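Novice: Below, each chain spelled out in residue letters.
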Amino acid sequence: MNTDAVKELLFKIADDQLIIGHRNSEWTGMGPILEEDIAFSSMAQDKIGQSYALYQLLHELGEEEPDQIAFMRKADLFKNCQLTELPNGEYDHSLIRHFLFDTAEIIRFGYLAQSSYTPLAQLAKKIQGELRYHTMHANTWIKQLGTANEESILRLQYSLDQLLPFALGIFEPSPFENILIEEQIFVGEKVIMEKWQEQIMKIINETDLVISSFSAPAIYGGRFGHHTEHLNQLLEEMSEVFRIDPAAEW
Amino acid sequence: MEWLEQVKDPEIPVLSLVDLGVITKVEVNGYRVEITITPTFTGCPAIEYMKQDIIEVLNSYGIDYVDVNVSFENNWNTNMISEKGKKALKDFGLAPPPPHNLIFDIDILSHIECPNCGSKNTDLKTPFGPTACRSIHHCNDCKETFEQFKPL
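Heads up: the protein sequence lines correspond to chains B and F, in order.
Just so you know, the first sequence maps onto residues 0 to 249 in numbering that gives the first Met the number 0.
Just so you know, the second sequence maps onto residues 0 to 151 in numbering that gives the first Met the number 0.
FYI, nobody ran anything at the bench for these hints, they're computed from the structure.
Since the model is a prediction, treat every value here as computed from it, not as a measurement.
Careful, some of the hints might be misleading.
Stated by the list, open to error - With a cut-off of at most 30 angstroms between alpha-carbon atoms, the simulated DSSO-like pairs for lysine-lysine come out as follows:
hint, chain 1, residue 1, chain 2, residue 2
1, F, K124, B, K124
2, F, K124, F, K7
3, B, K124, F, K50
4, B, K201, B, K142
Hey, can you work out the whole structure from these sequences and the hints?
Specialist: Structural data, given as structure tokens:
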């Protein structure tokens with residue numbers, strides 16, 4: 000097994016989970032209705048828990064402890080896609096991101112559950128079951144608000160147009176793509192992206208929203224440590240308490 | 000195993016970890032006991048409490064060396080909750096999760112039997128409840144809102 004390739008894969012998916020989890024947690028106490036407050040908080044808990052488990056796999060491969068990896072790295076060492084780090088914006092913006100991102104996640108983890116790297120396959124099976132509730136949540140709201148009234152449709156459409164190029168950045172190819180595919184560790188970004196487009200269109204077609212084409216230029220960079228200024232701010236806030244006393248026992 | 004029955008789920012104190020099915024292996028090597036647990040949810044915050052409780056209960060029976068490992072090798076799912084555990088959930092006011100074949104359709108969440116009046120005329124309000132493992136439902140007959148231990 001090519002350890003460098005596996006590590007790169009684990010870092011990118013774990014960082015995605017941690018950062019989107021943090022963004023989801025920002026809805027705690029701020030949700031438009033109580034149920035949405037709870038939904039985003041629950042998904043935050045799931046995703047941060049999942050990132051912890053993935054960082055634990057990295058730790059077993061010789062990297063530092065999960066807390067160190069999560070809180071002590073600089074932004075340019077993070078491999079999350081830029082979509083996950085963008086500020087929440089209004090609810091429609093967060094909802095569209097959640098829909099675009101979680102649809103990709105459930106497909107990704109479905110394939111990871113068949114990975115030749117057993118510890119990842121075992122964990123992915125578990126995570127896949129949890130993500131089913133996340134996509135169910137996203138699909139329900141997209142269908143409801145995407146057919147509700149002029150304002151909800153316009154708002155969702157605007158957010159969709161804004162976020163689509165960032166969402167395409169989820170599938171930025173890894174330098175280890177071929178090795179991962181050859182060693183059957185991961186099926187590769189191209190396969191995931193094609194399935195994702197099908198699934199996204201399936202839901203969008205049940206609404207009044209439109210995606211005319213997926214061929215907009217993708218916003219890449221995240222997987223190579225190039226981020227927007229928002230990630231720095233997020234990391235500073237996220238690690239503030241940890242940095243005061245990294246050796247503290249909780 | 001009998002001793003471990005005393006260790007309860009920190010969030011549902013009527014349910015033992017044995018009946019919940021999170022204890023997947025118990026190995027005894029002389030004075031040393033090794034327990035393997037599998038989390039209900041990957042990010043379940045109760046896991047650390049569970050580990051500590053297992054150690055304390057076994058310590059109280061004079062077993063000084065207890066190791067608790069967390070493993071995803073045997074993935075937990077709600078079919079692993081025992082019949083006794085499901086009854087305990089119901090008595091506690093939580094609808095038990097329906098049995099499923101692991102590739103369940105999400106529709107399984109609709110028309111859950113109301114733990115208060117037994118009616119199946121119920122609606123799913125939201126799949127996210129006060130803890131990761133519970134969903135919120137409403138009964139159209141007795142008009143009560145109730146929680147379900149959701150299938151996973």
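Novice: Hint by hint, say whether it matches the structure.
Specialist: Right, here's what the structure says about each hint:
no.	hint	in the structure
1	F:K124 / B:K124	26 angstroms, holds
2	F:K124 / F:K7	28 angstroms, holds
3	B:K124 / F:K50	23 angstroms, holds
4	B:K201 / B:K142	11 angstroms, holds
In summary, the structure agrees with every hint in the numbered list given earlier.
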